[in-house]
Amino acid sequence: MAPNFGRSISFPLTPARSFSKSSRHLRSISLPGTTSSHPLLASLNAHIVTIRAWIQDTAAAGSSLPAGLANIHALHAALADLLLLPESRAALQCTTSKAADSLLDAFLLLADAHQGFQECLISLSHAAAESRAALRRGEATRLASAARSQRRAEKVLARLAASISAVSSKCARLNLVGEDAEMAGAIMQAAAASAAASAAVFSAAASMSYSASCCKKMAIFVPVFATRKAAAPETAEAAMERLHVLERCFDECDGACNRVFRSVVQTRVSLLNVMTPTI
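Its first residue numbered 1, the sequence shown is counted upward by one per residue in UniProt numbering.
These are calculated hints, taken from the structure and not from any lab test.
Mixed in with the good hints, there may be bad ones.
[What the hints assert, rightly or not] Here are the simulated distance ranges between beta carbons:
no., residue 1, residue 2, range
1, Ala53, Thr141, 18 to 28 Å
2, His244, Pro39, 21 to 31 Å
3, Ser149, Cys94, 43 to 53 Å
4, Asp254, Leu104, 23 to 33 Å
5, Ala144, Asp101, 42 to 52 Å
6, Ala172, Val269, 20 to 30 Å
7, Ser207, Glu119, 36 to 46 Å
8, Ser97, His126, 42 to 52 Å
9, Arg136, Val49, 40 to 50 Å
10, Ala70, Arg151, 20 to 30 Å
11, Met275, Arg151, 32 to 42 Å
12, Thr276, Asp57, 34 to 44 Å
13, Glu237, Tyr210, 13 to 23 Å
14, Ala144, Ala172, 34 to 44 Å
In this text, all values refer to a predicted model and were calculated from it rather than measured experimentally.
Positions of the beta carbon are idealized from the N, C-alpha and C atoms, including for glycine.
Please put together the full structure from these sequences, using the hints given.
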């Protein structure tokens, strides 16, 4: 479900923590920041740091999809809280039209990408189940059909990852100036981090699918397994177990994918409400 914007914020605005023009002039946009003007901004920065660390771990050793999706959702929850502040609303309304359009476009593309990701996971889960059934019954034609579906979904994931990586780079390159640069810049960096993490999640899912059910590895199992030669059943059983693990992982990610998609959509709606003048 989307974050509930009606919930209370645990960091009340006090005079000592409110923004002043002088403090905003002195602070840097660079992230991560250890001394932010408001606790909610510090919380957002912390989530950005966490997401960047997860991306590095994924590149190094392959982190789990649920962890990546949970980090993206947590980032958007922190962003939702931040967007309730008058300071953040004022900062966004003062940004240039180019920066505002880039931010809105980024979250629109993110929403579209996560919707496509959900569809790909469903396709990959179904392909894994079909491949597993084909191996069990020795049906080469059924296995080939499942492999084709798998390859199509993996190609879509690769395209989604590439398009979202471009969004991340575009957001990260935007330079904001002025007294509201810290707040607006943090929101822009959050968009960049969300896009980068999304690309990593998409790539990781495609890699998991390919590793677990590569058609070149699977094709040799069917005729041998069907004739029940001595060495074949053990190899095919291992392949079916990998497919079962893959299918279960993708099925378990369904709820997390939906939560992330809804949170991205809600973030864009909130930004649009802030940036659109009241008629």
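Hints, one by one, checked against the model:
Taking 18 to 28 Å as the suggested C-beta distance range, the pair alanine 53 and threonine 141 does not conform, at roughly 45 Å. With their beta carbons about 45 Å apart, histidine 244 and proline 39 fall outside the hinted range of 21 to 31 Å. Between serine 149 and cysteine 94 the CB atoms are about 49 Å apart, so this pair conforms to the stated range of 43 to 53 Å. In this structure the hint that aspartate 254 and leucine 104 lie 23 to 33 Å apart at CB holds, the actual value being about 28 Å.
Taking the beta carbon of each, alanine 144 and aspartate 101 are about 46 Å apart, inside 42 to 52 Å as hinted. Remark: the range hint 20 to 30 Å for alanine 172 to valine 269 is upheld by a beta-carbon distance near 23 Å. Between serine 207 and glutamate 119 the C-beta distance comes to about 18 Å, which lies outside the given range of 36 to 46 Å. Range check, serine 97 to histidine 126: Cβ separation about 44 Å, and the 42 to 52 Å hint holds.
Between arginine 136 and valine 49 the beta carbon distance is about 46 Å. The supplied range of 40 to 50 Å therefore holds. Take alanine 70 and arginine 151: their Cβ atoms lie about 28 Å apart, and the range 20 to 30 Å holds. The hint said 32 to 42 Å for the Cβ distance between methionine 275 and arginine 151, and at roughly 41 Å that hint holds. Separated by about 38 Å at the C-beta atoms, threonine 276 and aspartate 57 satisfy the suggested range of 34 to 44 Å.
For the pair glutamate 237 and tyrosine 210, the supplied restraint of 13 to 23 Å holds, since their beta-carbon distance comes to about 20 Å. For the pair alanine 144 and alanine 172, the supplied restraint of 34 to 44 Å holds, since their beta-carbon distance comes to about 42 Å.
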